[in-house]
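Novice: Below are the chains, spelled out letter by letter.
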Amino acid sequence: MSKVTPKPLPKADLPELKQVGKPLRRVDALGKAVGATVYAADFTMPNMLHAKVLRSSRPHARIAKLDVSMARELPGVACVMTGEDVKGAKLNTDLPGQTGREARAGSDAPVLALDVVRYVGEPMALVAAETVEIAEQAIRLIEIEYEDLPGVFTPEDALKSGAPILFEPDNVVSRYAIRKGDLEAGMAEADVIVERTFKMPFVEHAYLEPDGGVAWVDEQGVINIRVCTQVIEHFRSIARALGVPQNRVRIRGTMVGGGFGSKEDITVEIFLAFLTRDTGRPVKLVYTREEQFAATAKRHPFTITHKTGVKKDGRITASHVTMTADSGAYPYLTPYVLLYATGMAAGPYKVDNIHVDSVAAPTNQSFTSAFRGFGGPQAALGYEQQMDEIAKALDLDPLEVRRANYMQTGDTTCTGQAVTSAIWTEECATRVLHALGERTPDTPTVKIGRGFANTFQSYGRITWFHDTSRAWVGVEQDGTVVLRCGVPDIGAGQSNSICQIAAEILGVPLERVTIYATDSAVTPLAGTSTATRQLYMSGNAVTMASTAVRTRLVGRAARELGVSEGEIDLSDSRAFVTSDPSRFVELKDLVHLCAAEGIELSHLAQFNAPFTDGLDPETGQGDIWPDFTFGAVAVEVAVDTETGQIELLRCAACHDVGRAINPAAVEGQIAGGTHQGLGYALMEEFVLEDGQIKTPSLAEYLIPTSVDFPSTKVIILESGTGVGPFGAKGIGEPALTPAAPAVANAVADALGLRIESLPYTPKKVLETIERSKQASRQDAEHAKKKQDT
Amino acid sequence: MGLAAIHLTVNGRRHEVFLSANTTLLTALRDLGYTDVKNGCEIGECGACAVLLNGEAVNSCMALARQADGAEIVTNAGLGTMQDPHPIQEAFADAGAIQCGFCTPGMVISTKALLDRNPDPTEAEIREALSGNLCRCTGYGQIIEAVRLSAERLRDLTSSPASSQSEEGQEPASEKRVLASGEQEKAGGDSK
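Residue numbers (our numbering), protein chains in the order written: chain A, 1 to 789; chain B, 1 to 192.
Everything labelled a hint here was simulated from the structure, so no lab data went into it. Careful: at least some of the hints might be erroneous.
Restraint ranges, calculated between C-beta atoms of paired labels, are given here [stated by the list, open to error]:
id	chain 1	residue 1	chain 2	residue 2	range
1	B	Arg66	A	Val707	31 to 41 Å
2	A	Gln692	B	Ala21	24 to 34 Å
3	A	Val707	B	Glu56	13 to 23 Å
4	A	Lys65	B	Leu32	38 to 48 Å
5	A	Glu84	B	Gly70	49 to 59 Å
6	A	Thr197	B	Ser131	30 to 40 Å
7	A	Ala596	B	Arg155	19 to 29 Å
8	A	Leu149	B	Arg66	44 to 54 Å
9	A	Glu756	B	Ser131	50 to 60 Å
10	A	Glu700	B	Gly70	45 to 55 Å
Computed from the model, here is a short list of chain A residues facing chain B with C-beta under 8 Å [unchecked claim]:
id	residue
11	Ala41
12	Asp42
13	Pro46
14	Glu209
Covered by chain A, according to a simulated footprint, are these stretches of chain B (three or more residues, beta-carbon under 8 Å) [as the list claims (entries may be wrong)]:
id	region
15	5-19
16	51-62
Backbone N, C-alpha and C fix where the C-beta goes; we use that ideal spot for every residue, glycine too.
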């Protein structure tokens, strides 16, 4: 890649705003800075018990004996529960949060294993005791006998006939087929056909805050659960598992110390609910770090094959993509993760003739579920590595090949969904490539490589989930603003963004807004903090509620100031005449004027996402998501061909976020997401051997530290064309997606070889180099023999 | 396992506690209510539980409480409060260095220990000083920026004694703050 000039940006109208668009100090920042924020594991209750979980040590076994009598007799033990005691209760793992959709994929895991265990770490029994130490001792007193069953450890094996059946009837957890255009004709039209396979490992979320919570039964008999979760609406699934009405379970979410998708699943809260109901006492349960590795979800391993027909100029004429995903022992969100990967299989490119065939199958390993990107990052590792392989096969510049295929607004994805917002693929790609600057020279043993990736990622939930969010906005008598919204704040600034929006619309400084959030009983339900949906959904709900209140304030101010409503604006806690700001009424006085006439100064609003019917079962055609975010990452790497070490030298990330509500928070999302993607490519692999966990702690499972990678240069673009408030697009998940394929392409550029599977450990780098040397030696011998004969 | 009395001075408050031999300093502190000391891994890999033990940053999960008998301990909450935050805490909030916030108390402690011995660290020195504190949210860039900003503000405080710390502390978040590493382009903006 030679020097690249950033592509000029199209014109768009972005009005200058007072609160939105400013890198203000987040409303949650100071409390966290001084250690005043109370996290789930910090709460205690009077008379509280402590819980521990007994977990399977076998990947697949019949439970021949589970004798808890000695544990029950231990002094200080209040309660021991097994699968028998929870009466076969199941987790409704596959449809979290509120949705109008009733039909479920039926992929339930038992709350506690009954008869059979299917992965190492599966919960088998619960203990609640006076102290953590007694609970641990009681767990050790439980007698277990296993009868091992044959295990299956790859999805490919699970799909072979005769494999142990983990998911009835045939181990197919989910399967999708996309049929768009004429694949055969497209392939026939191609000058060259490129076929490559790419593989991705299990990855652990490794957020710093272990899952935890405290539950109790209140004076109404309502089960209260204080827990760090991305989904307070799990109260419904918990009520179902307990067999109690849904209005008898209340979840009070805490500030979440990182989630990245794993706190989308039900974790401690279901155990707490059973234990507090059984004992009548408050119960606390906090996972250990080792338990985090064994008991919570992982990112899905995928194997993706792209077979692409291309013209000599790089234009794609046809594409056949196949995907196999490992769902682990239970499906959890696998059906939807696979759908995401399938729907984004072609990337931000216009491919008229495409088939996608994807399947997910179970193994006797840790279950896989949501992880930032939800299948999008795996899909991107497929299509973006393939784009570079196509460039290599055609001897074209990788940017040139992409230019020949970029979607334009109005073009459709592989499911036939038209993209309605701006598509700034080339704008992003040229900026990150430009940002890398002068290329670092090679040395005899260290090869320098550069690569980039252009990706897209949905934001907002699947549109046939009938997603909604609610928010309540009110103005107090002193002109301060109160926001009530059931949004879980998982650290990405979910609360802050909607506060900045309310501040903008009501014309008050951010510090005049207070938010009460994340209580399933008393804050309006806002849906899950997943799927990059909160800014879009709750941001729009807050916009609606704030605008309703604003309209009333403006109406009263217009009468007071003797002008028409169109001449009034709100700013700096006052309503004023736009042509003559010296004519104004203070917001607090305006509130009194409204109150004297009974004008309502609060508003509850509900925002509904677009609702669709689902995909055509034959062709897989239809709309899946509300919109997409487009971005790119470019990196420069140095590969030491003697040690196999890869050093990341430079990294730049650029995304069109529509409108940056808080640019400092957006920068944090992009830098942090990129970093996770770099770890995915270069360091991270959750290793299982025959179902046993080989990386059970942060000493074995390494995540990036402050000395592993340089800071990412972050470039924020604003097209103003998103479907969120003020034209915003979502950035939480999209931030991660391009980083890993950019690294993969840079390493391939350095070595002239592609390593088939992530992560690129020194061992794998050396093995790949060695294999290639052997191959070229064989080629040379072959050629020599030919010459000799 | 007998219990033994030990004395801990935490954030200026003196405590006498009876603990078994294997109780870690982390558990002792959290049980005393110092829940700003975070439990992230209990094996010294994440740094969320870092405290100052006689002025040195240590992972409290790796120290036995009995080893700290008689020691002066400072946790993040001991450095400042919502009303009167420490300049380092303020800088973390201003620099966008806080996302989920779970690593923040440990990060602030490591920063304090660094700046106490080196008031003007290079980026490499900052990265090295924070290498035992894991953060999964930020990618560290804005945290490095926060440490730089902390150092700058603390140097300003010591060089001009006239400007008191509380004045500094009450300064509202600047709208003109430059993004740590980023740039922003709006549609139609000149993209040279």
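Novice: Determine for every hint whether it applies to the structure shown.
Specialist: Do the hints match the structure? See the list:
1. B:Arg66 <-> A:Val707: 31 to 41 Å: holds (33 Å)
2. A:Gln692 <-> B:Ala21: 24 to 34 Å: Because 33 Å falls inside the window, the suggested range holds.
3. A:Val707 <-> B:Glu56: 13 to 23 Å: holds (20 Å)
4. A:Lys65 <-> B:Leu32: 38 to 48 Å: holds (42 Å)
5. A:Glu84 <-> B:Gly70: 49 to 59 Å: Given range 49 to 59 Å: holds, Cβ gap about 52 Å.
6. A:Thr197 <-> B:Ser131: 30 to 40 Å: This hint holds: roughly 37 Å between Cβ atoms.
7. A:Ala596 <-> B:Arg155: 19 to 29 Å: violated (54 Å)
8. A:Leu149 <-> B:Arg66: 44 to 54 Å: About 47 Å separates the Cβ atoms of A:Leu149 and B:Arg66, which means 44 to 54 Å holds.
9. A:Glu756 <-> B:Ser131: 50 to 60 Å: About 32 Å separates the Cβ atoms of A:Glu756 and B:Ser131, which means 50 to 60 Å is violated.
10. A:Glu700 <-> B:Gly70: 45 to 55 Å: Once the Cβ atoms are compared, 36 Å apart, the range 45 to 55 Å for B:Gly70 and A:Glu700 is violated.
11. Ala41: For A:Ala41, the interface hint holds, since the closest Cβ of chain B sits about 7 Å away, which is under 8 Å.
12. Asp42: holds (4 Å)
13. Pro46: violated (15 Å)
14. Glu209: holds (4 Å)
15. 5-19: It is violated, with 0 qualifying residues against the three required.
16. 51-62: violated (count 0)
Going down the numbered hints, you'll see the structure goes against 7, 9, 10, 13, 15, 16, while the others check out.
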